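Produce the entire structure from the sequences given, and follow the hints as far as they go.
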Amino acid sequence: MLKNNTLKEEYPPGDFAIWIIIYVELITFGLLFIGYVVSRRENVQLFNDSQLMVSQTSGFINTLILITSSYFVVKAVHGIKNMTKESSKESSIAASKWLLSAIVFGVAFLIIKLSEFSHIFGQGITLSTNKFFMFYIFLTVFHFMHVALGTIILFNIYKKTKMQGYSGDDCGGMETGASYWHMVDLLWIVLFPLVYIIK
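Each residue of the sequence shown is one higher than the one before, counting from 13 in this note's numbering.
Don't read these hints as lab results, they were simulated from the structure. Here the structure is a predicted model, which is why all the values come from computation and not from measurement. Idealized CB from N, CA, C, for every residue including glycine. Misleading hints may appear alongside valid ones.
[Unchecked claim] Below, simulated PhoX-like cross-link-like pairs (lysine-lysine); rule was C-alpha separation at most 20 Å, straight line:
{"no.": "1", "residue 1": "LYS101", "residue 2": "LYS171"}
{"no.": "2", "residue 1": "LYS174", "residue 2": "LYS97"}
{"no.": "3", "residue 1": "LYS174", "residue 2": "LYS93"}
{"no.": "4", "residue 1": "LYS174", "residue 2": "LYS101"}
{"no.": "5", "residue 1": "LYS101", "residue 2": "LYS211"}
{"no.": "6", "residue 1": "LYS87", "residue 2": "LYS101"}
[What the hints assert, rightly or not] Derived Cβ-Cβ restraints for the label pairs, each shown as a range:
{"no.": "7", "residue 1": "LYS97", "residue 2": "THR141", "range": "18 to 28 Å"}
{"no.": "8", "residue 1": "ILE164", "residue 2": "ILE79", "range": "14 to 24 Å"}
{"no.": "9", "residue 1": "LEU43", "residue 2": "ASN94", "range": "37 to 47 Å"}
{"no.": "10", "residue 1": "PRO205", "residue 2": "LYS101", "range": "35 to 45 Å"}
{"no.": "11", "residue 1": "LYS101", "residue 2": "THR141", "range": "48 to 58 Å"}
{"no.": "12", "residue 1": "VAL56", "residue 2": "MET175", "range": "24 to 34 Å"}
{"no.": "13", "residue 1": "MET146", "residue 2": "ASN94", "range": "39 to 49 Å"}
{"no.": "14", "residue 1": "ILE105", "residue 2": "GLY134", "range": "41 to 51 Å"}
{"no.": "15", "residue 1": "TYR35", "residue 2": "THR141", "range": "27 to 37 Å"}
{"no.": "16", "residue 1": "ILE105", "residue 2": "THR138", "range": "43 to 53 Å"}
Right, dumping it as C-alpha coordinates:
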(Lines of atoms letter the chains of each structure in order from A and count residues from 1; the text may use other names and numbers.)
(Lines give C-alpha, C1' and ligand atoms only; values in the text may rest on other atoms or scores of the structure.)
Protein backbone atom coordinates (compact mmCIF):
# COMPACT_ATOMS: atom_id res chain seq x y z
CA MET A 1 0.00 0.00 0.00
CA LEU A 2 2.82 2.40 0.81
CA LYS A 3 4.41 1.74 -2.56
CA ASN A 4 1.15 2.48 -4.38
CA ASN A 5 0.75 5.76 -2.48
CA THR A 6 4.31 6.71 -3.36
CA LEU A 7 3.64 6.06 -7.03
CA LYS A 8 0.49 8.15 -6.93
CA GLU A 9 2.40 11.09 -5.52
CA GLU A 10 4.65 11.14 -8.58
CA TYR A 11 1.78 12.45 -10.68
CA PRO A 12 0.73 16.14 -10.59
CA PRO A 13 -1.26 16.65 -7.38
CA GLY A 14 -4.88 17.73 -7.35
CA ASP A 15 -7.56 17.64 -9.99
CA PHE A 16 -6.46 17.29 -13.63
CA ALA A 17 -8.57 20.32 -14.60
CA ILE A 18 -6.51 22.64 -12.41
CA TRP A 19 -3.41 21.71 -14.37
CA ILE A 20 -5.08 22.71 -17.63
CA ILE A 21 -5.90 26.07 -16.00
CA ILE A 22 -2.35 26.38 -14.64
CA TYR A 23 -0.79 25.66 -18.03
CA VAL A 24 -3.08 28.19 -19.74
CA GLU A 25 -2.23 30.80 -17.11
CA LEU A 26 1.50 30.14 -17.41
CA ILE A 27 1.33 30.48 -21.20
CA THR A 28 -0.70 33.70 -20.90
CA PHE A 29 1.72 35.27 -18.44
CA GLY A 30 4.66 33.90 -20.43
CA LEU A 31 3.47 35.74 -23.55
CA LEU A 32 3.02 38.94 -21.52
CA PHE A 33 6.53 38.57 -20.09
CA ILE A 34 7.93 38.13 -23.60
CA GLY A 35 6.02 41.21 -24.74
CA TYR A 36 7.49 43.15 -21.83
CA VAL A 37 11.05 42.06 -22.67
CA VAL A 38 10.67 42.95 -26.36
CA SER A 39 9.21 46.39 -25.54
CA ARG A 40 11.92 46.99 -22.99
CA ARG A 41 14.67 46.32 -25.53
CA GLU A 42 13.15 48.99 -27.74
CA ASN A 43 12.76 51.54 -24.90
CA VAL A 44 15.53 50.77 -22.42
CA GLN A 45 15.95 54.28 -21.01
CA LEU A 46 12.21 54.85 -20.73
CA PHE A 47 11.77 51.58 -18.83
CA ASN A 48 14.74 52.29 -16.53
CA ASP A 49 13.48 55.77 -15.70
CA SER A 50 9.92 54.55 -15.11
CA GLN A 51 11.13 51.72 -12.87
CA LEU A 52 12.42 54.30 -10.43
CA MET A 53 8.82 55.30 -9.71
CA VAL A 54 7.75 51.86 -8.43
CA SER A 55 8.61 50.56 -4.98
CA GLN A 56 11.20 47.80 -5.04
CA THR A 57 10.84 47.52 -1.26
CA SER A 58 7.14 46.71 -1.53
CA GLY A 59 7.85 44.23 -4.29
CA PHE A 60 10.57 42.53 -2.25
CA ILE A 61 8.37 42.32 0.86
CA ASN A 62 5.56 40.82 -1.21
CA THR A 63 7.99 38.28 -2.64
CA LEU A 64 8.92 37.12 0.86
CA ILE A 65 5.23 37.06 1.80
CA LEU A 66 4.22 34.80 -1.09
CA ILE A 67 7.18 32.44 -0.68
CA THR A 68 6.40 32.11 3.03
CA SER A 69 2.70 31.58 2.39
CA SER A 70 3.52 28.79 -0.07
CA TYR A 71 5.63 27.15 2.64
CA PHE A 72 2.63 27.32 5.00
CA VAL A 73 0.43 25.65 2.37
CA VAL A 74 3.02 22.90 1.85
CA LYS A 75 3.05 22.26 5.61
CA ALA A 76 -0.75 22.03 5.66
CA VAL A 77 -0.90 19.55 2.77
CA HIS A 78 1.95 17.49 4.22
CA GLY A 79 0.18 17.33 7.60
CA ILE A 80 -3.07 16.08 6.07
CA LYS A 81 -1.42 13.54 3.76
CA ASN A 82 0.53 12.03 6.63
CA MET A 83 -2.28 11.93 9.18
CA THR A 84 -3.42 8.70 10.78
CA LYS A 85 -6.85 7.81 12.10
CA GLU A 86 -5.56 8.36 15.61
CA SER A 87 -4.15 11.80 14.82
CA SER A 88 -6.85 13.03 12.42
CA LYS A 89 -8.21 15.72 14.75
CA GLU A 90 -4.78 17.05 15.72
CA SER A 91 -3.57 16.97 12.11
CA SER A 92 -6.63 18.83 10.89
CA ILE A 93 -6.23 21.51 13.57
CA ALA A 94 -2.54 21.94 12.75
CA ALA A 95 -3.22 22.06 9.00
CA SER A 96 -5.99 24.62 9.46
CA LYS A 97 -3.57 26.83 11.40
CA TRP A 98 -1.01 26.62 8.60
CA LEU A 99 -3.71 27.51 6.07
CA LEU A 100 -4.94 30.42 8.17
CA SER A 101 -1.38 31.74 8.29
CA ALA A 102 -1.16 31.45 4.49
CA ILE A 103 -4.44 33.34 4.15
CA VAL A 104 -3.22 36.13 6.44
CA PHE A 105 -0.08 36.45 4.31
CA GLY A 106 -2.19 36.47 1.15
CA VAL A 107 -4.29 39.33 2.54
CA ALA A 108 -1.09 41.15 3.55
CA PHE A 109 0.14 40.88 -0.05
CA LEU A 110 -3.12 42.37 -1.31
CA ILE A 111 -3.00 45.25 1.19
CA ILE A 112 0.59 46.14 0.28
CA LYS A 113 -0.28 45.95 -3.41
CA LEU A 114 -3.31 48.21 -2.96
CA SER A 115 -1.08 50.73 -1.20
CA GLU A 116 1.32 50.57 -4.13
CA PHE A 117 -1.50 51.02 -6.64
CA SER A 118 -2.83 53.97 -4.65
CA HIS A 119 0.59 55.63 -4.82
CA ILE A 120 0.98 55.02 -8.56
CA PHE A 121 -2.54 56.07 -9.55
CA GLY A 122 -2.33 59.02 -7.16
CA GLN A 123 0.45 60.40 -9.35
CA GLY A 124 -1.87 60.35 -12.33
CA ILE A 125 -0.21 57.30 -13.89
CA THR A 126 -2.44 55.17 -16.11
CA LEU A 127 -2.13 52.44 -18.74
CA SER A 128 -1.61 55.15 -21.37
CA THR A 129 1.25 56.93 -19.54
CA ASN A 130 3.93 54.93 -21.36
CA LYS A 131 4.77 51.35 -22.36
CA PHE A 132 6.42 50.48 -19.06
CA PHE A 133 3.39 51.47 -17.01
CA MET A 134 1.07 49.77 -19.49
CA PHE A 135 2.83 46.48 -18.76
CA TYR A 136 3.38 47.23 -15.07
CA ILE A 137 -0.28 48.01 -14.38
CA PHE A 138 -1.64 45.20 -16.54
CA LEU A 139 0.71 42.54 -15.16
CA THR A 140 0.45 43.52 -11.50
CA VAL A 141 -3.33 44.05 -11.54
CA PHE A 142 -3.80 40.75 -13.38
CA HIS A 143 -1.61 38.99 -10.82
CA PHE A 144 -3.41 40.81 -7.97
CA MET A 145 -6.66 39.26 -9.19
CA HIS A 146 -5.05 35.81 -9.11
CA VAL A 147 -3.84 36.34 -5.55
CA ALA A 148 -7.32 37.48 -4.50
CA LEU A 149 -8.88 34.37 -6.07
CA GLY A 150 -6.19 32.15 -4.55
CA THR A 151 -6.86 33.62 -1.10
CA ILE A 152 -10.57 32.85 -1.46
CA ILE A 153 -9.73 29.29 -2.50
CA LEU A 154 -7.44 28.87 0.51
CA PHE A 155 -10.19 30.19 2.79
CA ASN A 156 -12.62 27.56 1.51
CA ILE A 157 -10.00 24.85 2.00
CA TYR A 158 -9.34 26.19 5.49
CA LYS A 159 -13.01 25.91 6.45
CA LYS A 160 -13.21 22.32 5.22
CA THR A 161 -9.94 21.42 6.94
CA LYS A 162 -11.15 22.88 10.23
CA MET A 163 -14.20 20.60 9.99
CA GLN A 164 -11.89 17.60 9.39
CA GLY A 165 -13.11 17.33 5.81
CA TYR A 166 -9.84 15.97 4.45
CA SER A 167 -7.90 12.81 5.11
CA GLY A 168 -4.68 11.27 3.86
CA ASP A 169 -6.66 9.29 1.28
CA ASP A 170 -8.99 12.15 0.35
CA CYS A 171 -7.19 15.47 0.05
CA GLY A 172 -7.48 16.08 -3.69
CA GLY A 173 -9.38 19.33 -3.15
CA MET A 174 -6.67 20.65 -0.88
CA GLU A 175 -3.94 19.68 -3.35
CA THR A 176 -5.86 21.36 -6.16
CA GLY A 177 -6.05 24.64 -4.26
CA ALA A 178 -2.42 24.34 -3.17
CA SER A 179 -1.30 23.83 -6.77
CA TYR A 180 -3.09 27.02 -7.82
CA TRP A 181 -1.50 28.96 -4.95
CA HIS A 182 1.98 27.73 -5.88
CA MET A 183 1.35 28.89 -9.46
CA VAL A 184 0.48 32.36 -8.15
CA ASP A 185 3.73 32.34 -6.16
CA LEU A 186 5.78 31.18 -9.16
CA LEU A 187 4.37 33.90 -11.40
CA TRP A 188 5.30 36.60 -8.87
CA ILE A 189 8.84 35.19 -8.52
CA VAL A 190 9.26 35.82 -12.26
CA LEU A 191 7.28 39.08 -12.36
CA PHE A 192 9.08 40.80 -9.48
CA PRO A 193 12.65 40.79 -10.82
CA LEU A 194 11.47 41.31 -14.41
CA VAL A 195 9.39 44.41 -13.73
CA TYR A 196 10.94 45.83 -10.54
CA ILE A 197 14.64 44.95 -10.64
CA ILE A 198 16.19 44.10 -14.01
CA LYS A 199 17.65 47.10 -15.81
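Tell me the hint numbers this structure goes against, listed in increasing order.
Failing hints, ascending: 5, 7, 12.
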